[in-house]
Amino acid sequence: MKTFLLTFILLAGLNAAEDKPPCCREVAAEKPLTDKSLYQIESKWTSDVGCEVKLGVLRGRPQVVAMFFASCEYACPVIVENLKEIERKLPEGLRGKVDFLLVSFDTERDTTAVLHAYREKQTLSVKNWTLLRGSEDDVRELSALLGVNYKKDAKGQFSHSNLITVLDAEGVIAFQQTGLNKDAAETIAALQKLPAP
Amino acid sequence: MKLIFHLLASLTISAAVDASPLVKIPAGVYKPLFLGENDAKEIPVAQFLLTDAPVSNGEFLEFVTANPQWRRSKVKRLFADENYLKHWAGDTDLGPQCDAAPPVTWVSWFAAKAYAAWKGGRLATTAEWEWVAGAGFAQQDGKKDPEFLSAVGQWYSSPAPARLPAAGSGRANFFGIKDLHGLVWEWTIDFNSAIVTGDARGDTGLERQLFCGAGSIGAKDTSDFPAFMRFGFRSSLKASYTVHNLGFRYAKSP
Numbered sequence: 022m023k024t025f026l027l028t029f030i031l032l033a034g035l036n037a038a039e040d041k042p043p044c045c046r047e048v049a050a051e052k053p054l055t056d057k058s059l060y061q062i063e064s065k066w067t068s069d070v071g072c073e074v075k076l077g078v079l080r081g082r083p084q085v086v087a088m089f090f091a092s093c094e095y096a097c098p099v100i101v102e103n104l105k106e107i108e109r110k111l112p113e114g115l116r117g118k119v120d121f122l123l124v125s126f127d128t129e130r131d132t133t134a135v136l137h138a139y140r141e142k143q144t145l146s147v148k149n150w151t152l153l154r155g156s157e158d159d160v161r162e163l164s165a166l167l168g169v170n171y172k173k174d175a176k177g178q179f180s181h182s183n184l185i186t187v188l189d190a191e192g193v194i195a196f197q198q199t200g201l202n203k204d205a206a207e208t209i210a211a212l213q214k215l216p217a218p
Numbered sequence: 048m049k050l051i052f053h054l055l056a057s058l059t060i061s062a063a064v065d066a067s068p069l070v071k072i073p074a075g076v077y078k079p080l081f082l083g084e085n086d087a088k089e090i091p092v093a094q095f096l097l098t099d100a101p102v103s104n105g106e107f108l109e110f111v112t113a114n115p116q117w118r119r120s121k122v123k124r125l126f127a128d129e130n131y132l133k134h135w136a137g138d139t140d141l142g143p144q145c146d147a148a149p150p151v152t153w154v155s156w157f158a159a160k161a162y163a164a165w166k167g168g169r170l171a172t173t174a175e176w177e178w179v180a181g182a183g184f185a186q187q188d189g190k191k192d193p194e195f196l197s198a199v200g201q202w203y204s205s206p207a208p209a210r211l212p213a214a215g216s217g218r219a220n221f222f223g224i225k226d227l228h229g230l231v232w233e234w235t236i237d238f239n240s241a242i243v244t245g246d247a248r249g250d251t252g253l254e255r256q257l258f259c260g261a262g263s264i265g266a267k268d269t270s271d272f273p274a275f276m277r278f279g280f281r282s283s284l285k286a287s288y289t290v291h292n293l294g295f296r297y298a299k300s301p
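Line by line, the protein sequences give chains H and G. According to the working numbering, the stretch in the first sequence is residues 22 to 218, in order. According to the working numbering, the stretch in the second sequence is residues 48 to 301, in order.
Do not take every clue at face value.
[Stated by the list, open to error] Cut-off 35 angstroms, straight-line C-alpha distance, at most; resulting in silico cross-link-like pairs (DSBU-like, lysine-lysine): (1) LYS105/H / LYS285/G; (2) LYS176/H / LYS190/G; (3) LYS133/G / LYS299/G; (4) LYS176/H / LYS133/G; (5) LYS285/G / LYS203/H; (6) LYS71/G / LYS65/H; (7) LYS133/G / LYS57/H; (8) LYS65/H / LYS190/G; (9) LYS190/G / LYS88/G; (10) LYS65/H / LYS285/G; (11) LYS176/H / LYS78/G; (12) LYS123/G / LYS203/H; (13) LYS176/H / LYS75/H; (14) LYS299/G / LYS176/H; (15) LYS118/H / LYS133/G; (16) LYS75/H / LYS52/H; (17) LYS57/H / LYS285/G; (18) LYS75/H / LYS133/G; (19) LYS299/G / LYS57/H; (20) LYS285/G / LYS75/H; (21) LYS148/H / LYS123/G; (22) LYS133/G / LYS65/H; (23) LYS110/H / LYS75/H.
[Stated by the list, open to error] Some residues of chain H that are not near chain G, with every Cβ distance over 12 angstroms (derived): (24) VAL74; (25) ARG80; (26) GLU129; (27) ASP174; (28) LYS176; (29) PHE179; (30) PHE196; (31) ALA205.
Hints are computed from structural coordinates only; laboratory data are not their basis. Quantities reported herein were computed from a predicted structural model and do not represent experimental measurements. Note that the Cβ used here is the ideal one computed from N, Cα and C, for glycine as well.
Only chain H is shown next, with the shape it has when bound in the complex:
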């Protein structure tokens, strides 16, 4: 009920259809997913804007994906900055056609409200940025699919791989880059190689 209200309040402010966040867009039924598509997983996720979704709703546009947690002070702000840099440097033809996805490790503290505050602090546009939280099992499964290793420490912080993944419009891993502050051009080149939707 709470989620519903939140959704209602948040969506009431969005008038045009294209202003809907990526996770709240209508997905048209299409051909079956390929064998390697991450969108085959059935897990349910909650977005900071109140949508309860399967990852499959993101089908149709390439996604630049990273896992993070909001209270991270070292690597995550850098990863998010790296994603923003990719967005800034997108060539004309790709602008507005690529989405960004952040999924939290922190199933306890990163509530939808915390994620939403993070979105505002980082000024991540609702139009093409999705912030998701999920159950511990589902986060573990997604991390396994992406190849992100992570471990919670005694203070509730997470040690984790720093990995940026490009999913094609069908949810198949098209490119991955490990490490911080790598050249955004490589990720952009990978995005440019994807077939036009």
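Given chain H, put chain G in place with the hints provided.
Just chain G now, kept in the frame of chain H:
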């Protein structure tokens, strides 16, 4: 709904011919091998249940028979690589080269997880698994059990036999659990929590960048070579990988 699920799960367990029983493991404290500055020196493990042996080919055959999406020809590549169950003759046929009794291998993490869920259970956490695996034959602390230490050391230094012995044929440890050492490696639910970047403090800037907090991670006790190898092995895995000597057992919360 959950109740029905559990009832169904228990029915399947009792219907299986030679299913490994779940054994109650008392709560304890696991002391991890790798410690970062902020890592817990001790991880409490709550009481749980664990099968006394790894899942066998025969048991896994029941699973794929009941769940066609996990058959060799049906499984999605996302969930298992092309070697999945390659030692079997067919989808639901072990064939003459593969016995029912040995632990099932060539299974991915996703397949192991799905099997555990089908049984109404889950995979053990690494902390749970290591807590049980640290027990000796005659006493809870395996480090004080010379007979156990030499048996474990022997396995980790010898190659896997061409035909694996039956699951559950090994000697039971202090908790009544068999074959944690000496038969196959095993999947854990959080196998990808092992963060090893080679020579911890001597690593290069590049390696350190791959992991947040990696610079602080080092081995607590490098003399525990088997545990060191298990961590290294886990960190080398991806969830869709299947390996000739990697199987699993399942756990359940009480």
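Q) Which hints from the list above does the structure break, by number from lowest to highest? A) 4, 8, 15, 27, 28 and 29
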